[in-house]
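Asker: Letter by letter, the chains look like this.
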Amino acid sequence: MRKARFFIAEALRSIRANMAVAIAATTTVAIAVFVLGAFIPSFLFVQSAVDQQKDRIDVRAYISDPATVDQVAELEAGIVALQSDGTVESFDFVDKQEALEIMRERLQDPTILEELPGNPFPRSYIIKPAQAERSGDIIAALRDFPAIDPSAGVVDGGETTSRLLDVARFIQWTGLGLIVILLIASLLLIANTIRLSVFARRREVEIMRLVGGTNWFIRWPFVIEGIVCGLIGAALAVGLLWAVKIGVVDNWIVENDDSLTRDTATTIGFSALAGILIASGAIVGALGSGITIRRFLKV
Amino acid sequence: MSSDQTPNGQTPEDALSEAEERAQRRMLRRRGRTGGESSGRRGLRRDKSASFLRDGDGPMVVMEDVKKVYEGKDGGTTALDDVSLEVDSGEFVFLVGQSGSGKSTFIRLLTKELDSSSGRVVVGGRDLTRLRRGRIPYLRRSIGTIFQDYKLLPGRTAYENVAYALEIIGESPRNIKRMVPEVLTLVGLGEKGERYPNELSGGEQQRVSVARSFVNQPRLLIADEPTGNLDPDTSIGIMQLLYRINRTGTTVIMATHDRDLVDKMQMRVVELEDGKIIRDQRQARYALAD
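So the protein lines, in turn, are chains A and B.
Heads up, the first sequence is in the numbering used here, so the first residue is 1 and it goes up one at a time.
Heads up, the second sequence is in the numbering used here, so the first residue is 1 and it goes up one at a time.
Hints are computed from structural coordinates only; laboratory data are not their basis.
All C-beta atoms, glycine included, are put in the ideal place defined by N, C-alpha and C.
Heads up, a few of these hints could be off.
What the hints assert, rightly or not - Partial selection, computed: residues in chain B whose CB lies under 8 Å from chain A:
| id | residue |
| --- | --- |
| 1 | 69 |
| 2 | 137 |
| 3 | 140 |
| 4 | 141 |
| 5 | 145 |
| 6 | 155 |
| 7 | 164 |
| 8 | 165 |
| 9 | 167 |
| 10 | 192 |
| 11 | 264 |
| 12 | 267 |
Work the whole structure out from these sequences, hints included.
Answerer: The following block contains the structure:
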């Protein structure tokens with residue numbers, strides 16, 4: 001306990017004595033954390049929006065009008081089989097009447113339907129894939145059932161679906177890539193700043209070694225100093241992010257109400273983000289100085 | 001001539017004021033009473049620091065066939081070659097020789113700042129060639145070290161520099177508050193504890209360094225050119241301090257090429273040349289013969 005107090009006092013003393021360096025390290029942490037803190041929720045938001053679009057993808061299996069009840073039952077058994085092996089999440093049967101109703105709702109001028117002889121709309125299964133990427137498998141598995149209408153067949157959104165999936169993949173991988181690059185860049189930046197600050201004091205560390213300080217006795221104040229700079233830097237960044245959220249993002253959401261609320265895409269909550277950022281600031285600060293100082297402890 | 005006097009007839013205390021002298025006597029008396037053993041109220045502290053060196057009548061430092069080669073492209077430089085030497089507890093030894101003769105290497109082997117290439121280095125019964133790296137700090141705490149460039153922590157006052165040596169060994173704040181002013185008074189800096197190193201003269205900085213090396217009350221004190229950066233009068237002051245410390249039973253090994261100082265003191269002189277001991281003489285002068 002007395003030791004902890006001593007180490008903290010030592011850390012604060014050295015921050016005071018090396019104010020310029022401490023400010024440099026803190027600012028570096030603040031900038032890195034701010035960039036990450038802005039990027040991570042944006043990425044998660046886009047990711048969530050894309051996921052929602054992916055959720056809308058479904059597969060339709062159109063049934064030919066002449067298909068018998070047995071043939072339809074056979075098809076349904078095939079879908080159930082796909083459901084039990086996890087390819088299909090859920091499915092729905094739409095009979096001819098329902099198909100007509102759906103079409104009637106969808107058309108701007110339903111009177112056009114009155115002109116039609118009878119009901120041309122086929123029965124169908126609307127199948128929700130467990131993952132959008134699996135829709136192709138579902139099509140392949142159901143295509144050759146006798147109940148399937150040869151001309152309409154089994155389809156998903158086709159071109160749209162594959163484009164959407166491509167975009168989703170692109171966003172996911174570039175986003176992850178960017179986050180990793182950003183993380184590495186911030187780590188290097190912070191480590192470098194801390195290295196400079198420790199390097200400026202290598203003589204001090206040497207002297208401490210020469211008069212008999214153990215490695216951890218010398219290291220603790222540096223580690224605590226790193227934690228303090230990391231915490232303050234991250235807190236500054238979080239404060240700035242908060243200001244940006246209140247001042248810019250929230251207003252923008254209100255102004256663009258329709259486009260965003262229709263898609264209720266979500267992102268990480270601010271307090272969770274703040275917690276993660278501040279914790280990582282402290283950890284990076286501690287590790288950065290704790291590891292850098294090792295080089296000078298070899299005397 | 002009393003035993004306290006140096007051969008030139010000047011007593012070492014001459015340079016100290018009366019008040020400093022009182023503090024010094026008090027401190028040294030206490031040390032003489034405890035005699036390096038744990039006892040009484042400072043027993044705990046001694047266990048934490050100086051006990052690393054084994055007590056006993058044996059020699060404080062033993063070097064056996066020590067060789068030190070600095071690796072290099074051209075086969076390396078031999079800094080010490082077949083050095084064998086014993087220094088008894090309580091001795092005062094001057095290590096002399098020209099620059100590059102191996103004095104600093106010798107000194108740095110004793111604190112395990114360097115490792116010997118071959119041979120044995122034993123300090124206070126501890127074989128340094130077999131000492132684990134993790135134990136090095138404990139070795140250094142039990143040896144007082146003084147350097148030519150003082151090696152004071154620049155961001156700390158004189159008081160804090162001395163206190164640091166005690167903080168390292170986990171001394172209680174109460175004892176630190178008591179002991180540091182005592183030692184600072186002992187070295188004649190009673191009034192200057194709050195000054196930073198860059199506010200002190202070279203001689204004063206070296207006194208802080210002496211205070212720091214001594215506050216742990218080590219049984220061995222080594223000094224590498226402690227007067228190298230100081231003018232002759234200031235040097236004598238430092239020398240007197242080291243002499244006083246030696247009088248209390250602390251073994252002192254001092255590397256120097258301060259001819260006047262060595263000639264005045266008439267102590268054991270070990271002379272190095274090209275990494276070899278070419279002379280080991282008691283009550284000697286700097287040079288072999290004039």
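Asker: Is the hint on residue 141 of chain B kept, meaning its closest Cβ partner in chain A is under 8 Å away?
Answerer: Given a least distance of 3 Å, the restraint on residue 141 of chain B holds.
Asker: Against chain A, with CB atoms and a cut of 8 Å, does the hint on residue 164 of chain B hold up?
Answerer: At about 7 Å, which falls below the 8 Å cut-off, the nearest Cβ of chain A leaves the hint on residue 164 of chain B intact, so it holds.
Asker: Close enough to count: is the Cβ of residue 140 of chain B nearer than 8 Å to one in chain A?
Answerer: holds (4 Å)
Asker: Per the CB criterion, is residue 69 of chain B less than 8 Å away from chain A?
Answerer: Check failed: Cβ of residue 69 of chain B comes no nearer than 20 Å to chain A, outside 8 Å.
Asker: Any CB of chain A closer than 8 Å to the CB of residue 192 of chain B?
Answerer: Since the shortest Cβ distance to chain A is 20 Å, the answer is violated.
Asker: Measuring from the C-beta of residue 264 of chain B to each C-beta in chain A, is the shortest one below 8 Å?
Answerer: Violated, about 29 Å.
Asker: Double-check residue 167 of chain B for me: the hint is only fine if its C-beta lies closer than 8 Å to a C-beta in chain A.
Answerer: Since the shortest Cβ distance to chain A is 6 Å, the answer is holds.
Asker: Close enough to count: is the Cβ of residue 267 of chain B nearer than 8 Å to one in chain A?
Answerer: violated (25 Å)
Asker: For the restraint on residue 155 of chain B, tell me whether the closest CB of chain A is nearer than 8 Å.
Answerer: The hint holds - residue 155 of chain B has a Cβ within 8 Å of chain A, the shortest such distance being about 4 Å.
Asker: If you take the shortest Cβ to Cβ gap from residue 145 of chain B to chain A, is it below 8 Å?
Answerer: holds (6 Å)
Asker: Please check whether residue 165 of chain B passes as an interface residue: C-beta within 8 Å of a C-beta belonging to chain A.
Answerer: holds (5 Å)
Asker: Grab the minimum C-beta distance from residue 137 of chain B to chain A and call the hint holds if it beats 8 Å, violated otherwise.
Answerer: holds (4 Å)
Hint violations for this structure: numbers 1, 10, 11, 12, all remaining hints satisfied.
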